[in-house]
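There are 2 protein chains.
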Amino acid sequence: PRFALVQQEGDKTFLAVLGGDPLYMPAMPTGERIELGDGVRLLAPVIPRSKVVAVGRNYAAHAAEFGNDVPTSPMLFLKPNTSVVGPDDPIVLPDWTIEVGYEAELAVVIGKVCKDVSPQNAMAYVLGYTCANDVSARDAQKTDGQWGRAKGFDTSCPLGPWIDTDVNPEDVGVVSRLNGETKQDGRTRDLVFDVPFLVSFVSEAMTLLPGDVILTGTPAGVGLMDAGDRVEVEIEGLGVLSNPVVRRA
Amino acid sequence: PRFALVQQEGDKTFLAVLGGDPLYMPAMPTGERIELGDGVRLLAPVIPRSKVVAVGRNYAAHAAEFGNDVPTSPMLFLKPNTSVVGPDDPIVLPDWTIEVGYEAELAVVIGKVCKDVSPQNAMAYVLGYTCANDVSARDAQKTDGQWGRAKGFDTSCPLGPWIDTDVNPEDVGVVSRLNGETKQDGRTRDLVFDVPFLVSFVSEAMTLLPGDVILTGTPAGVGLMDAGDRVEVEIEGLGVLSNPVVRRA
Chain A
14 PRFALVQQEG
24 DKTFLAVLGG
34 DPLYMPAMPT
44 GERIELGDGV
54 RLLAPVIPRS
64 KVVAVGRNYA
74 AHAAEFGNDV
84 PTSPMLFLKP
94 NTSVVGPDDP
104 IVLPDWTIEV
114 GYEAELAVVI
124 GKVCKDVSPQ
134 NAMAYVLGYT
144 CANDVSARDA
154 QKTDGQWGRA
164 KGFDTSCPLG
174 PWIDTDVNPE
184 DVGVVSRLNG
194 ETKQDGRTRD
204 LVFDVPFLVS
214 FVSEAMTLLP
224 GDVILTGTPA
234 GVGLMDAGDR
244 VEVEIEGLGV
254 LSNPVVRRA
Chain B
14 PRFALVQQEG
24 DKTFLAVLGG
34 DPLYMPAMPT
44 GERIELGDGV
54 RLLAPVIPRS
64 KVVAVGRNYA
74 AHAAEFGNDV
84 PTSPMLFLKP
94 NTSVVGPDDP
104 IVLPDWTIEV
114 GYEAELAVVI
124 GKVCKDVSPQ
134 NAMAYVLGYT
144 CANDVSARDA
154 QKTDGQWGRA
164 KGFDTSCPLG
174 PWIDTDVNPE
184 DVGVVSRLNG
194 ETKQDGRTRD
204 LVFDVPFLVS
214 FVSEAMTLLP
224 GDVILTGTPA
234 GVGLMDAGDR
244 VEVEIEGLGV
254 LSNPVVRRA
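Heads up: the sequence lines are chains A and B, in that order.
Okay, so the first sequence: first residue is 14 according to the UniProt record's numbering, each after it adds one.
Okay, so the second sequence: first residue is 14 according to the UniProt record's numbering, each after it adds one.
Hints were generated in silico from the structure; no laboratory data involved.
Hints should not be assumed to be uniformly reliable.
Below, simulated DSBU-like cross-link-like pairs (lysine-lysine); rule was C-alpha separation at most 30 Å, straight line [as the list claims (entries may be wrong)]:
| # | chain 1 | residue 1 | chain 2 | residue 2 |
| --- | --- | --- | --- | --- |
| 1 | B | 155 | A | 155 |
| 2 | B | 155 | B | 25 |
| 3 | A | 25 | A | 196 |
| 4 | A | 128 | B | 155 |
| 5 | B | 128 | A | 155 |
| 6 | A | 125 | A | 155 |
| 7 | B | 196 | B | 155 |
Derived Cβ-Cβ restraints for the label pairs, each shown as a range [to be verified]:
| # | chain 1 | residue 1 | chain 2 | residue 2 | range |
| --- | --- | --- | --- | --- | --- |
| 8 | A | 34 | B | 85 | 39 to 47 Å |
| 9 | B | 74 | A | 155 | 43 to 51 Å |
| 10 | B | 109 | A | 62 | 19 to 27 Å |
| 11 | B | 179 | A | 194 | 27 to 35 Å |
| 12 | B | 134 | A | 103 | 41 to 49 Å |
| 13 | B | 30 | A | 52 | 30 to 38 Å |
| 14 | B | 133 | A | 80 | 39 to 47 Å |
| 15 | A | 136 | B | 80 | 41 to 49 Å |
| 16 | A | 47 | B | 134 | 38 to 46 Å |
| 17 | A | 109 | B | 34 | 28 to 36 Å |
| 18 | A | 79 | B | 73 | 28 to 36 Å |
| 19 | A | 194 | B | 85 | 58 to 66 Å |
All values reported here derive from a predicted model rather than from experimental measurement.
By construction, the Cβ of each residue, glycine as well, lies at the ideal position given by its N, Cα and C atoms.
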């Protein structure tokens, strides 16, 4: 796998291939340019070296749909790097759950080591944004109490299709579609805790490393999916993350 | 930092220095041998590439001391690799908590990639064991609901002093001491879910990577600690993990 700058030209997408890993060194274009498609595919734009920090109940309307109050401070949980997959990778439903749901989320990708940053300074540590699906086993989420298994299983964290460094996270649309039908349709202006606050809050507990990811919470409209479905997450102005859902034979 | 085999001779401890990282290649002794002490210290024996998976309420007497039932299946949560520190490293109390507790635990260190292993086969994937302190901000644990912050902050996962490959995890003592006074004194025979079951159960959700760690839960007797204290975790036949507690100025 290699890294590349993604360049849109009309309805075509080109990849300007980079040498090395741009998270840890300056972007070094190799001069090679490939059109996306025809045997070329995108992988997850980042596999965190350390962690995916996710935020629960960060849209009031979503908290309400499960009968929960809005938290007074961000409710943090972790997803392991082994849960990350990329565009078009299958979401594999585990044997131990019969209720798996999608959650469209704006994901923040950290660019620089940070600890104890203020909300005012937080955005300097953000590399960019991508789409995330915080896939959740609803039955295990309820019975387990802690969400390590229900939201941490392999393939439960699709990320992609790329990292966009130009998104303004203050007010973008966060949409999910199941088999083409719109299910969630929120906007980040309705986040209970906004991106600068979240980066600061997380950094007051945990050192954030380059490539760590913060999932900012999901808007109302969540539902279940099943084998054979295709689920999409779209962040306005960023792109679409699409994944098929399968069950192991 | 370098890896070494730890060799006890009487009351002296020697380090037989290895080349490379023995998690990823055969142990390669360099011939160099150093006595522990005199400017030589141990670091955390492993920093997981991926995750620390921890198990809540896995001793009935500990579940009862907080008024909780014993779970019907293991309650998993995650601690990030940024929370790991080693022997004698300070546990740094965060500004946002005034109630931080210790939890002595037997830690399982995974040696080989595994996914969907049975309890019968699980032990083949275990490299060895170490002592862990599942440091917990009790106030944030209650108010946050999910434990990502309360049990995931920097320095909340002391591990050490070394990885012991010869421990039989079926019935060893798990002790904590605060300033020399014994606080917890349990035995792993009282684990609700034993080590082979836990490795299997976790692997049915998440791929375990070499260096990943499973904290098996804490026995009854937990309590709080404060700046100036020294907390110790001892696993019978393995060793003692000792850490000072500090608050940032």
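Verification of the hints:
1. For the hint pairing residue 155 of chain B with residue 155 of chain A, the CA-to-CA distance comes to about 17 Å; that is within 30 Å, so the pair holds.
2. Our distance criterion of 30 Å between C-alpha atoms is broken by residue 155 of chain B and residue 25 of chain B, whose separation comes to about 44 Å.
3. For the hint linking residue 25 of chain A to residue 196 of chain A, the alpha-carbon distance of about 28 Å falls within 30 Å, and the restraint holds.
4. Between residue 128 of chain A and residue 155 of chain B the CA atoms are separated by roughly 24 Å; this keeps the pair inside 30 Å, and the hint holds.
5. Distance restraint check for residue 128 of chain B and residue 155 of chain A: the Cα-Cα separation of roughly 24 Å lies within the 30 Å cut-off, and the hinted pair is therefore satisfied.
6. Under the criterion of a C-alpha separation no larger than 30 Å, the hint pairing residue 125 of chain A with residue 155 of chain A is inconsistent with the structure, at around 35 Å.
7. Distance hint between residue 196 of chain B and residue 155 of chain B is fulfilled; the C-alpha atoms sit about 22 Å from each other, no more than 30 Å.
8. In this structure the hint that residue 34 of chain A and residue 85 of chain B lie 39 to 47 Å apart at CB holds, the actual value being about 43 Å.
9. For the pair residue 74 of chain B and residue 155 of chain A, the beta carbons lie near 26 Å from each other, so the given range of 43 to 51 Å is not met.
10. One distance hint, 19 to 27 Å for the beta-carbon pair residue 109 of chain B and residue 62 of chain A, holds here, with the actual separation near 25 Å.
11. The hint said 27 to 35 Å for the Cβ distance between residue 179 of chain B and residue 194 of chain A, and at roughly 58 Å that hint is violated.
12. Hint check: residue 134 of chain B to residue 103 of chain A, Cβ distance near 26 Å, so the stated range 41 to 49 Å is violated.
13. At roughly 47 Å, the beta-carbon separation of residue 30 of chain B and residue 52 of chain A lies outside the given 30 to 38 Å, and the hint is violated.
14. Taking the beta carbon of each, residue 133 of chain B and residue 80 of chain A are about 42 Å apart, inside 39 to 47 Å as hinted.
15. For residue 136 of chain A and residue 80 of chain B, the Cβ-Cβ distance of about 43 Å falls inside the hinted range of 41 to 49 Å, so the restraint holds.
16. Judged by the Cβ atoms, the range 38 to 46 Å given for residue 47 of chain A and residue 134 of chain B holds: they are separated by roughly 43 Å.
17. Distance hint check for residue 109 of chain A and residue 34 of chain B: the Cβ-Cβ separation is about 33 Å, which falls inside the suggested range of 28 to 36 Å.
18. In this structure the hint that residue 79 of chain A and residue 73 of chain B lie 28 to 36 Å apart at CB holds, the actual value being about 30 Å.
19. Between residue 194 of chain A and residue 85 of chain B the beta carbon distance is about 36 Å. The supplied range of 58 to 66 Å is therefore violated.
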